[in-house]
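Residue numbers (the numbering used here), protein chains in the order written: chain A, 61 to 350; chain B, 61 to 350.
Careful: at least some of the hints might be erroneous.
If chains are identical, the list can't say which one is meant, so a pair holds when it fits in one copy or spans any two.
[Unchecked claim] List of simulated lysine-lysine pairs, DSS-like, C-alpha gap at most 27 angstroms:
no.: 1; residue 1: Lys-103; residue 2: Lys-255
no.: 2; residue 1: Lys-347; residue 2: Lys-325
no.: 3; residue 1: Lys-204; residue 2: Lys-224
no.: 4; residue 1: Lys-170; residue 2: Lys-282
no.: 5; residue 1: Lys-103; residue 2: Lys-204
no.: 6; residue 1: Lys-178; residue 2: Lys-103
no.: 7; residue 1: Lys-112; residue 2: Lys-224
no.: 8; residue 1: Lys-323; residue 2: Lys-224
no.: 9; residue 1: Lys-170; residue 2: Lys-224
no.: 10; residue 1: Lys-142; residue 2: Lys-193
no.: 11; residue 1: Lys-265; residue 2: Lys-347
no.: 12; residue 1: Lys-178; residue 2: Lys-334
no.: 13; residue 1: Lys-325; residue 2: Lys-142
no.: 14; residue 1: Lys-255; residue 2: Lys-178
no.: 15; residue 1: Lys-204; residue 2: Lys-265
no.: 16; residue 1: Lys-142; residue 2: Lys-334
no.: 17; residue 1: Lys-323; residue 2: Lys-282
no.: 18; residue 1: Lys-224; residue 2: Lys-265
no.: 19; residue 1: Lys-182; residue 2: Lys-224
no.: 20; residue 1: Lys-193; residue 2: Lys-103
no.: 21; residue 1: Lys-347; residue 2: Lys-323
None of these hints come from the bench; they were simulated from the model.
Protein chains: 2
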Amino acid sequence: MSDYTISINGQFVEERDANISVLDHGFLFGDSIYEVVRTVNGKLFAADRHLKRLHNSANSLEMPLQQSDEWYLDRWRDLHAKRASGESYLRIIITRGVGPLSLDYTQCEKQNVIGIAKPLNKWPDEDYAHGCKVVLAEVRRNAKQATDPAIKSGNYLNNVLALKEARAAGATEAIMLNVQGHITEATTSNVFFVKDGVVKTPALKEGLLEGVTRGFILQVCKDLGLTCEEGVFTRDELLNADEVFITGTTRDVMPVGYIGREKIKFTPGSLTIKIANAYHDVLHDPKNQM
Amino acid sequence: MSDYTISINGQFVEERDANISVLDHGFLFGDSIYEVVRTVNGKLFAADRHLKRLHNSANSLEMPLQQSDEWYLDRWRDLHAKRASGESYLRIIITRGVGPLSLDYTQCEKQNVIGIAKPLNKWPDEDYAHGCKVVLAEVRRNAKQATDPAIKSGNYLNNVLALKEARAAGATEAIMLNVQGHITEATTSNVFFVKDGVVKTPALKEGLLEGVTRGFILQVCKDLGLTCEEGVFTRDELLNADEVFITGTTRDVMPVGYIGREKIKFTPGSLTIKIANAYHDVLHDPKNQM
């Protein structure tokens, strides 16, 4: 039996019927955008922030959303309600729609909206207790001036190739450098590290997704009275950190225990634990649930 | 009535039934590869070279082709035969296949093969007689170390965004620079220019697709006794050229008459015309048709 609950343009469909035209530009060119919302206590977590980012992605691609904000929120809610048990991972993809076989999308009229829900990922306890294993990918992150990683789109080969490297090394994630050799982000998470009591994370201008969890962590650091610096950091600064952690919608705050190939070990540090605990409170704060 | 002839895994389907699962990684992540072959006199032109490049794309993505070379050639031939009239544009897309909703593709077992045929594009005579209009795109070309443009994949947003700039300026193509500011290629064509009798085109290491037409043009120059230099060229070298032309499977050799925004005019020059004529012979040489 399938783990997926799927809707197309607001209608639920069986997995075997969950199809899209091969002339949809989302299929032909990866010309689509998406967001993943998770539930906490059966409610959408931070859906307002995901919706805001969805608009940002849409605007960057000159693809204004064709439905109201409430309509997209209802799609997320419907998907979760249909699943009926446990917490959900709720992905909504919006494609450019069907159009002529050409890079020119001006004749694509109607966007298609695909909803796919599954049980919320459960990452190994071990990864939280002792830190997960990551690699520094050989493949570089797309440049902000090219395919901007701030756009959450259907062009994900860059990340697919980086994750392949992680998998080959038995790691859960791959941290990517940009062409200049600066740290950017991992394939589906943002990267933070701690050095001499200061929390550091790559600045948005380095080319990375403005993670919703990343945004909460910046606030959490401020609330805890910690200095958090968004800046330009090299591979060596990461490798020489005191603590490293990654953040994301399904991982929350996950300490890094090992960076492969370079064979650098970390133990989940006191600031990582403090931040993870504070984020746990954010996650369960009813004002972030809708 | 539809202009498209479509097959899925070797079976012809009506356009309304030409669908693919939303769980196919080709749809979710643009995790697919493709090639476009054109016909000349009803025969596949240079299909051996396209097939070779298809293998290169597949190998770069660790996605070895699951059918024999002859099987893919037969798909191109069948699509053309089904169309029954005129010359054809024959696109074959090979996806990673259906798998779990994860960047990890190791559980995608069966690739899907989509064939889409349409009448071969007819570009305006004017563009050949007086030169076409192009722009220099603001958006930069993906870096070779990131999403390598040498892989002909379903990740085409970079090109979609560049073509949007061309369209906004009433131009037919957009020439892209890499992050270093060097010329790479246009969205669906390669770029050549002539300066002081020497033909020049960006080297593959700058990050571009190794165009099949580009390869023929390099050979044509050699046969004509012309010096053709593959190198590193700046925007200014292009703007100060004596002649500029673009090449591609559907455009053949198309002179550039105008570079927008910068307002630089060119007239189709003697070397461009000489090369275009020689390429016409290559196109009609039976040994390149199969």
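Here is what the structure says about each hint:
1. When the C-alpha separation of Lys-103 and Lys-255 is checked against a cutoff of 27 angstroms, the pair qualifies neither within a copy, at 36 angstroms, nor between copies, at 64 angstroms.
2. In the homo-oligomer, the alpha carbons of Lys-347 and Lys-325 never lie at most 27 angstroms apart, since the shortest distance is 37 angstroms inside one protomer and 60 angstroms across protomers.
3. With identical chains, the CA atoms of Lys-204 and Lys-224 are at most 27 angstroms apart both within one copy (22 angstroms) and between copies (17 angstroms).
4. In this assembly of identical chains, Lys-170 and Lys-282 lie within 27 angstroms of each other by CA distance neither inside one copy nor across copies; the values are 43 angstroms within and 49 angstroms between.
5. Taking the shortest alpha-carbon separations for Lys-103 and Lys-204, neither the intra-copy value of 34 angstroms nor the inter-copy value of 42 angstroms comes in at or below 27 angstroms.
6. Within a single copy, Lys-178 and Lys-103 get their C-alpha atoms as close as 15 angstroms, which meets the 27 angstroms cut-off; across copies the closest is 48 angstroms, which misses it.
7. For a Cα distance limit of 27 angstroms, the shortest separation of Lys-112 from Lys-224 across copies, 24 angstroms, qualifies, whereas the shortest one inside one copy, 30 angstroms, does not.
8. Taking identical chains as interchangeable, the C-alpha atoms of Lys-323 and Lys-224 lie at most 27 angstroms apart only when both belong to the same chain, with a minimum of 18 angstroms there against 45 angstroms between chains.
9. Within a single copy, Lys-170 and Lys-224 get their C-alpha atoms only as close as 34 angstroms, which misses the 27 angstroms cut-off; across copies the closest is 18 angstroms, which meets it.
10. Taking CA atoms no more than 27 angstroms apart as the test, Lys-142 paired with Lys-193 passes in neither setting, with 35 angstroms inside one copy and 52 angstroms between copies.
11. Taking the shortest Cα distances, Lys-265 and Lys-347 never come within 27 angstroms of each other, neither inside one copy (30 angstroms) nor across copies (51 angstroms).
12. Proximity of Lys-178 and Lys-334 under a CA criterion of 27 angstroms is satisfied in neither setting, with 30 angstroms inside one chain copy and 60 angstroms between copies.
13. Taking CA atoms no more than 27 angstroms apart as the test, Lys-325 paired with Lys-142 passes in neither setting, with 43 angstroms inside one copy and 61 angstroms between copies.
14. For the identical chains of this complex, Lys-255 and Lys-178 are neighbours neither inside a copy (37 angstroms) nor across copies (59 angstroms), given an alpha-carbon limit of 27 angstroms.
15. Taking the shortest Cα distances, Lys-204 and Lys-265 sit within 27 angstroms of each other both inside one copy (7 angstroms) and across copies (20 angstroms).
16. Proximity of Lys-142 to Lys-334 under the C-alpha cut-off of 27 angstroms is found in neither arrangement, the shortest distances being 36 angstroms within a copy and 66 angstroms between copies.
17. Taking CA atoms no more than 27 angstroms apart as the test, Lys-323 paired with Lys-282 passes in neither setting, with 32 angstroms inside one copy and 51 angstroms between copies.
18. Taking CA atoms no more than 27 angstroms apart as the test, Lys-224 paired with Lys-265 passes in both settings, with 26 angstroms inside one copy and 23 angstroms between copies.
19. For the homomeric pair Lys-182 and Lys-224, the shortest alpha-carbon distance inside one copy (20 angstroms) is at most 27 angstroms, but the shortest distance between copies (41 angstroms) is not.
20. In this homomeric assembly, Lys-193 and Lys-103 never come within 27 angstroms of each other (Cα to Cα): the closest approach is 31 angstroms inside a single copy and 53 angstroms across copies.
21. Within a single copy, Lys-347 and Lys-323 get their C-alpha atoms no closer than 41 angstroms, and across copies no closer than 55 angstroms, so neither meets the 27 angstroms cut-off.
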